[in-house]
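A.B. asks: Same order as they appear, the protein sequences are chains E and H. For what it's worth, the numbering used here labels the leading residue of the first sequence as 754, then goes sequentially. For what it's worth, the numbering used here labels the leading residue of the second sequence as 754, then goes sequentially.
I should point out that these hints are in silico values taken from the structure, not numbers from a laboratory. Treat the numbers as computed from the prediction; the structure is a model and nothing was measured. Among the clues, some could well be false.
Because identical chains share one entry, a pair is satisfied inside a single copy or across any pair of copies.
Unchecked claim - Simulated pairs of lysine-lysine, BS3-like, Cα-Cα distance not exceeding 30 Å: (1) Lys891 to Lys1039; (2) Lys1085 to Lys795; (3) Lys989 to Lys930; (4) Lys1039 to Lys810; (5) Lys847 to Lys893; (6) Lys846 to Lys1081.
There are 2 protein chains.
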Amino acid sequence: MADTPVRFGIMGCAFIASKVSRAILLAPNATVSAVASRSIDKAADFARANGLPPETKIYGSYESLLDDPDIDAVYMPLPTSLHLKWAVLTAQKKKHLLTEKPVALNAGEFDEIAKACEENGVQIMDGTFWVHHPRTHKMKQFLEDKELFGELKTINSCFTYFPYAYPEFFKDNIRVKPDLDALGALGDAGWYGVRSILWATDYALPKTVTALRGGVLSEAGVILDCRASLEWEDGKTATFHCSFLSNLTTDITAIGTYGTLHVTDFVIPYQELEASYTTTSRSNFKELFTGWAPLPSEHAVAVDLPQEGCMVREFADLVLSIRNNGAKPDKKWPIISRKTQLVLDAVKASVDKGFEAVEIVG
Amino acid sequence: MADTPVRFGIMGCAFIASKVSRAILLAPNATVSAVASRSIDKAADFARANGLPPETKIYGSYESLLDDPDIDAVYMPLPTSLHLKWAVLTAQKKKHLLTEKPVALNAGEFDEIAKACEENGVQIMDGTFWVHHPRTHKMKQFLEDKELFGELKTINSCFTYFPYAYPEFFKDNIRVKPDLDALGALGDAGWYGVRSILWATDYALPKTVTALRGGVLSEAGVILDCRASLEWEDGKTATFHCSFLSNLTTDITAIGTYGTLHVTDFVIPYQELEASYTTTSRSNFKELFTGWAPLPSEHAVAVDLPQEGCMVREFADLVLSIRNNGAKPDKKWPIISRKTQLVLDAVKASVDKGFEAVEIVG
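Chain E extracted, bound-state conformation (with noise of 0.2 Å):
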């Protein structure tokens, strides 16, 4: 047993189901072990249409997959709304989770998830791929280092996409449904947004959170374009944009007192393999303003496993410790989650109380 890599069963066959599927094949700890689809038709097409080994069982439920006693840890990729039920029967049935993001609706259903991990003993980890790729690592190496970034003072963030070759998004997407994604882009592409700048911060929780004016919201109320202010008691400051309404964009930038931080593929790396981000330090306008010194440095990091196969391996690592050395969960995972939550939560109040500042409350 002990030999044996983390068994996932794979709760829902989303899109991202099949990314992940391929990350828990190549990650070395862990193995796909059961599909589930509420269709057993649809679980099979799914089985077969990634590659997954032949004795990979399907499940025409959850229910099913979850009464299965070889499946160590489930991935789930199913609409936010219906996360609260099956991540806390996930936990009952002392299965570990690996769960798109967001998370929850809010922190309060956060909560609820987290307190039947804690008390099932097992661990949860949000499927946010970008924090476990090394470079993401190598760049906070740069954020932390006082001699060449400083004090950090500010971080700008943004993931938008327009999905202009598929225009029935807006009518079909669950991204965009009231009743399966409510977030809509504050969730789904705002996520990474304060992810990243929670990750810039080490997780400290800004004071207040004030959407900015300007955003969109489609009929049914669900944003589609929001912008927002980050503000902490010792003046770091930070804004992040996420939108279905503009080109695919992907940026962070971290300016420190003497550092900054360029990153434009932070969400999904222009290649797989290989990814770089750009620094400067100390730079200055050189005499008579004809160009910089020092001029920015380039860091490339290659790599040998995808990101996403990164977060498998880390979560696998923490599930086998778990289920083979009786250790205890990672607490780091939830509480990075939950402040997630609790930044999305403030930026939605915002937006809803007519852009007002919002005070934040760990």
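Guided by the hints, dock chain H onto chain E, whose structure is given.
C.D. replies: Same frame as chain E, now just chain H:
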């Protein structure tokens, strides 16, 4: 006379005057005829240190420069609080005016200067170098391309620097003195942010401007760090950040429905004679989100004259048309300057009103 280049008088020997004197010497249609300072020794030192031609006239007062009938145009690098007096006198002496930014402390003062220029038939242009760089025109072509860029949705602009090698800055520099450059970081770095946003929007004034919480004022009440959001009637939005408290960063990110423009050295290019920018058009994540297709494109633009030389050449061409051919001054430049001042005024008003949204009335 028709062959005589535009004869500039330099009014004041600020640091930036060295850069612009060099630009005047580099421009094919301009020359430096005189330098004035309140101290004749300082003016003579400036002429020597900057390699001005031996026949350059040296004046110990601004009045004597303005009384020189052989001066066509004045370049004015004085502190902003002195602009109103000296700009109006310059116009009344029928001399064209190339002035450092901000042109005035507010739009009201600006209008007095612009009126004097109009009544006296002289050209006014503010000294914002980067808008004259051929790269800027190329970037604008991209923003105007309905196929590649689509409709402009949002702009984010940033100009921050931290004078870490110059700790006396916060005590000594004119940029933080309420009686000299009272607009502080907003008038200095913020001028570029506002201009870049107006440039991207074809100089359409926003409907509302809201300063964002968390800015920093000096003890004397001068803005050291400031962020603001701008919103247009048609749904376009923008943010900018200006600061004396964060590492040198000079970015424009403009996002349309189909395209994105990134430039990270818009104020002063990294290198004097070659500058680049990056675009993406209709980018998408590849199948299974393993990368992007197409990848971003980098565009390099080589120039034979630095951007401030391009500015002087463009200004001098207008002056020559007026002087030699009786043309009228080009109204585009005062219109652009005035809109920049109006937005600065609104940001300042929003800061003063505790971050309330301020409507802009053109």
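A.B. asks: Indicate which option fits the pair Lys846, Lys1081 if close means a Cα-Cα distance not exceeding 30 Å: within, between, both or neither.
C.D. replies: within (17 Å within a copy, 82 Å between copies)
A.B. asks: Given a CA cutoff of 30 Å, do Lys1039 and Lys810 count as a within-copy pair, a between-copy pair, both, or neither?
C.D. replies: between (65 Å within a copy, 29 Å between copies)
A.B. asks: Since the copies are identical, ignore which copy is meant and state whether Lys891 and Lys1039 lie within 30 Å (CA to CA) inside a copy, between copies, both or neither.
C.D. replies: This pair counts as both: shortest intra-copy Cα distance 28 Å, inter-copy 25 Å.
A.B. asks: Is the C-alpha distance from Lys847 to Lys893 at most 30 Å within one copy, between copies, in both cases, or in neither?
C.D. replies: neither (34 Å within a copy, 58 Å between copies)
A.B. asks: Cα distance capped at 30 Å. Does Lys1085 pair with Lys795 within a copy, between copies, both, or neither?
C.D. replies: neither (35 Å within a copy, 63 Å between copies)
A.B. asks: Quick one: Lys989 to Lys930, C-alpha cut-off 30 Å, is that within a copy, between copies, both, or neither?
C.D. replies: between (35 Å within a copy, 24 Å between copies)
Checked against the numbered hints above, the structure breaks hints 2, 5 and satisfies the rest.
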